[in-house]
Amino acid sequence: MSTVDSSQRTLISPWTLRKRRGRLLYWLVFAVVIVLFTVAFVIPLVWMMLGAMKTAPELAQNPPSLLPASPNVGAYTEAWEFMDLAKYFTNTVIVAAGAWLIQLAVQVPAAYALSKLRPALGKWILALMLATLMLPASALLVPTYLAITEVPVFGVNLVNSPAAIWLPAAANAFNIYLLKRFFDQIPTELLDAARIDGAGSITTMWRIVLPLSRPILAVVSIFSIVAAWKDFIWPLLVLQDPEIQTLSVALQRFEPDTPINLMLAGLVIASIPMVAAFLVFQRQILAGLTAGSIKG
Amino acid sequence: MSTPTLIAPEPATRQSRPVRNPATRLRRTITDNLTAYGFLCAALVCFALFSWYPIIRGVLLSFQQVNFVTPAEWVGWQNFETLFADPLFGVAWRNTLLFTGLALVIGFAVPFAVAVVLNELRHAKAYFRLIVYIPVMLPPVVVAILWKWFYDPGPGLLNSILRTVGLPPLEWLNSADTSMLSLVIVATWASMGSATLIYLAALQTIPGELYEAAELDGANLWQRLRHITIPQTRFVLLIMMLMQIVATMQVFTEPYVMTGGGPEDSTVTVLLLLYRYAFTYNDFGTASALSLLLFIALGAFSALYLRLTRTRG
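Just so you know, the protein sequences line up as chains A and B, in that order. Sequential numbering from 1 applies to the first sequence in our numbering. Sequential numbering from 1001 applies to the second sequence in our numbering.
Calculated directly from the structure, the hints in this document are not laboratory data. Some hints here could point you the wrong way.
[What the hints assert, rightly or not] Distance condition first, Cα-Cα at most 30 Å in a straight line; then the derived DSS-like pairs of lysine-lysine: (1) A:K123 x B:K1125; (2) A:K230 x A:K87; (3) A:K19 x B:K1125; (4) B:K1148 x A:K19; (5) B:K1148 x A:K87.
So here's chain A without its partners, still in its complex pose:
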């Protein structure tokens, strides 16, 4: 605690913490918090992983056993095959990857146009896009579903096609706003210079704007992939064919008639990619969290 300098001053002064009583109290609070946090956030996940390795009768016994009597690590492969998770895993990857690529392909040029090319009516278009953020997503559930069953003008039915998730995801005003706000900070002089050197708008976007925008592209990418992986209600509506369902929808469908140990193994498997992504991209994810919600 001797390293605490005054710039890190918080509610409790470092001076109080240096006193004997303060130090004692600090470690007491610290111990309580670490125990509470571990019980609240680590134990449930460990309990899930252990539960998957217990047998069905062991899971039904009361009080429960702390550790599996004979850990059945095979439950994970068994669950993988029992629920055909490979298929749903692939489906989810297709949905999430497609949603990500289409969102970038649609939103980056749109934000670039609104920020730098500034067409006539650009302000109005941005306002109309932002206005959609005022609507709670669920208020649009029914009419958007109907627009998927028969896409206006084109007349196609997108139900049971991943496009039913990709295309509405692309109409995300929040991402366009985040991108536009970032592009706004890139000096126009730089783009003018590129234009004078003979670069067209596409080259300028690709060669100058995008390389400078890596941080915001990372944030938008993470937002879109995580949202697609976690989403439940929309895929539940538009992916009715079991062959094309995502993990979330499939797990919910299997839940009533799957042995609980296999179900738990399935839950662990469905969680691994997101938890792994968090461990790898923790910095970007947390930066995006505060960028997205506070500064807005």
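Position chain B against the provided structure of chain A, taking the given hints into account.
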């Protein structure tokens, strides 16, 4: 997200091609606009088809009956009358407000308190930050199925803990008295990570001098919390409250997966009722009317949220 540091180009190159001829200038304007709309067209199509058109259609549908065989029929306020006559309508709103209210009491106070405490700790910060956020990353369906298992009144984790510490076990999801509270606990567990970390970031921006000055003036811990910490984070607290109200009023996954609306309709939420109207009874008109009511109820909150975040940004 720092502003890229760039070298300003020489002023001379900036005005290298002055356009004087009006016809050339017009042609330039047209091509510039065409290019811009070329970049925008994919987004415009997606918004038109899957956002703007559904918004208008949703309002119209509220006053129509549709069966997709014969053309839509105008029915005036009949869809709303159907809703008002449905005994579940009032129940669903009461349940949803109960969920939102409980989520505010628990889900709003707990993350802030946690953030204030975490901000004082000097050790294991990375650990706390990591584990509090992991549930946020889990798919909501995974969380719902997992907690359904925890809530098992027999060998479930929660009752086992209660019994171990000598408390009486609860019925959790199986009783109408505790079912909604149980859903709020799950939702809070799953989402408090983001709120906590946002508050933590806000707390770190409070200048230390304020606390020092207050302490010199003899302010005790509670007074410093009350007169410095809370006022300094007021804006973030307000934003998060609005965001939380809008999000919790749309609760669906937890009741759909964990209770199906039971027991005794105690967890039928507005969105669950909307889902039933649309996808169980195929009554898209009445479902749209309910959507419209939900929008009206939440529109004010969302509008205020957008206004605050955009003017402050």
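Hint-by-hint comparison with the structure:
{"no.": "1", "hint": "A:K123 x B:K1125", "verdict": "43 Å, violated"}
{"no.": "2", "hint": "A:K230 x A:K87", "verdict": "17 Å, holds"}
{"no.": "3", "hint": "A:K19 x B:K1125", "verdict": "22 Å, holds"}
{"no.": "4", "hint": "B:K1148 x A:K19", "verdict": "47 Å, violated"}
{"no.": "5", "hint": "B:K1148 x A:K87", "verdict": "25 Å, holds"}
In summary, the structure is inconsistent with hints 1, 4 from the numbered list given earlier, while agreeing with the others.
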